[in-house]
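Asks: Please build the complex by placing chain B on the supplied structure of chain A, with the hints as guidance.
So the protein lines, in turn, are chains A and B.
With the numbering used here applied, the first sequence corresponds to residues 26 to 216, in that order.
With the numbering used here applied, the second sequence corresponds to residues 26 to 216, in that order.
Some hints could be false.
No copy is singled out in the list; a pair is fine if it fits within one copy or between any two copies.
[To be verified] Below, a list of computed lysine to any residue pairs in the SDA-like style, where the Cα atoms sit at most 25 Å apart:
no., residue 1, residue 2
1, K216, V202
2, K205, G147
3, K216, E53
4, K205, D180
5, K91, A201
6, K87, A123
7, K205, E122
8, K205, F54
9, K216, A177
These are calculated hints, taken from the structure and not from any lab test.
Residue strings, one per chain:
Protein chains: 2
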Amino acid sequence: MTTVSIIGNGNMGTAIGGIVTAGGNNVEFIGRDADAAINGDIVVLAVGYPAVAEVIAAHGDKLAGKVVVDITNPLNFETFDSLVVPADGSAAAVIAEALPASSVLKAFNTNFAATLAGNTVGDNAATTVHIAGDSADAKALLGSVLQAGGVASVDAGALARARELEAIGFLQLTLAVQEKIGWNAGFALIK
Amino acid sequence: MTTVSIIGNGNMGTAIGGIVTAGGNNVEFIGRDADAAINGDIVVLAVGYPAVAEVIAAHGDKLAGKVVVDITNPLNFETFDSLVVPADGSAAAVIAEALPASSVLKAFNTNFAATLAGNTVGDNAATTVHIAGDSADAKALLGSVLQAGGVASVDAGALARARELEAIGFLQLTLAVQEKIGWNAGFALIK
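If we strip away everything but chain A, and leave its shape as in the complex, we get (with noise of 0.2 Å):
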């Protein structure tokens, strides 16, 4: 039995933790109090980009040892037109250099929650989550826990890699909002 920590209670933390209970593990919410317990093994910063630093000074310290698991597109919604972090890097680099004790990965950040909820992309591609991280540990024990849920998954390499899939991130979510794909659909893997 896996705990998953989801931070956040929007669309995306409610379909990945609908993923977890699915799979028969563990799933708890955490709001913003600093004082709250952090009992799982995999946290999820399921808030936007903007706010993980805030999440990361009153939780931090707690995520030691933890699988913490990036899902943020870390756009400049004002232009639409650029990420706000470093062209060579990315929000998980950024999110890794600030827990070097925690085991960062960057997940579902090129799914939309609709597809994560319903586990297809439009209407008959399945979902897949692409999993970076440089902990293969790490990698396999949030796969496992998507695997229990019916979710597929994909290593797609190193922490590195991170900054393609924020890309792809990127891209996806200019095309949702010019109505070139739906909510419910965007880039599906196919094998």
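Replies: Frame of chain A; chain B shown alone:
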């Protein structure tokens, strides 16, 4: 009737040429002969990124006023861990700078050749060609040639989005060389 000149006769150039002729438009294949005439309204640089500079040196003057399509994935193929273009740029941006009198588009780099030849990603998903560029007319011209050939395309935005398209191509190649996806598969855009 649109004429498309394709420089390079590898599997990508061949597949793109097949789409053009399927739509009733003209194709001419151009080799490295610097004296060759280039008659196309659209010129596809269907060579690997390391060969692009040589192609531009040979043919660049003849590309003025034309739509030039960059299909490259500028990977460091020794490390498979980075691109060889500036982190805040793209191969398309490098090419556009070298060809200021051309309308440069990024397209096809997220499509494996077999997905263009067969018009499907894997068994069931439709192929979509992402087209990024700063000229709406140029994007519409290429899109119409693809549509005539039965292949869907999407306007991926300004040429700056080539950076994200190259990130997708990069990640897709890393997944294929590790046999996590097939060379007839990869990212499908579901609407």
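Asks: Each hint should be assessed against the structure and marked as holding or not.
Replies: Against the structure, the hints come out as follows:
1. Taking the shortest Cα distances, K216 and V202 sit within 25 Å of each other only across copies (13 Å), while inside one copy they are farther apart (27 Å).
2. Taking identical chains as interchangeable, the C-alpha atoms of K205 and G147 lie at most 25 Å apart whether they share a chain (13 Å) or sit on different chains (22 Å).
3. Taking the shortest Cα distances, K216 and E53 never come within 25 Å of each other, neither inside one copy (33 Å) nor across copies (33 Å).
4. In the homo-oligomer, the alpha carbons of K205 and D180 lie at most 25 Å apart only across protomers (9 Å), although the nearest pairing inside one protomer, at 28 Å, exceeds that limit.
5. With identical chains, the CA atoms of K91 and A201 are never at most 25 Å apart, being 33 Å at best within one copy and 31 Å at best between copies.
6. Taking CA atoms no more than 25 Å apart as the test, K87 paired with A123 passes inside one copy only; the shortest distance there is 13 Å, against 52 Å between copies.
7. With identical chains, the CA atoms of K205 and E122 are never at most 25 Å apart, being 36 Å at best within one copy and 29 Å at best between copies.
8. For the identical chains of this complex, K205 and F54 are neighbours neither inside a copy (33 Å) nor across copies (33 Å), given an alpha-carbon limit of 25 Å.
9. For a Cα distance limit of 25 Å, the shortest separation of K216 from A177 qualifies both inside one copy, at 11 Å, and across copies, at 20 Å.
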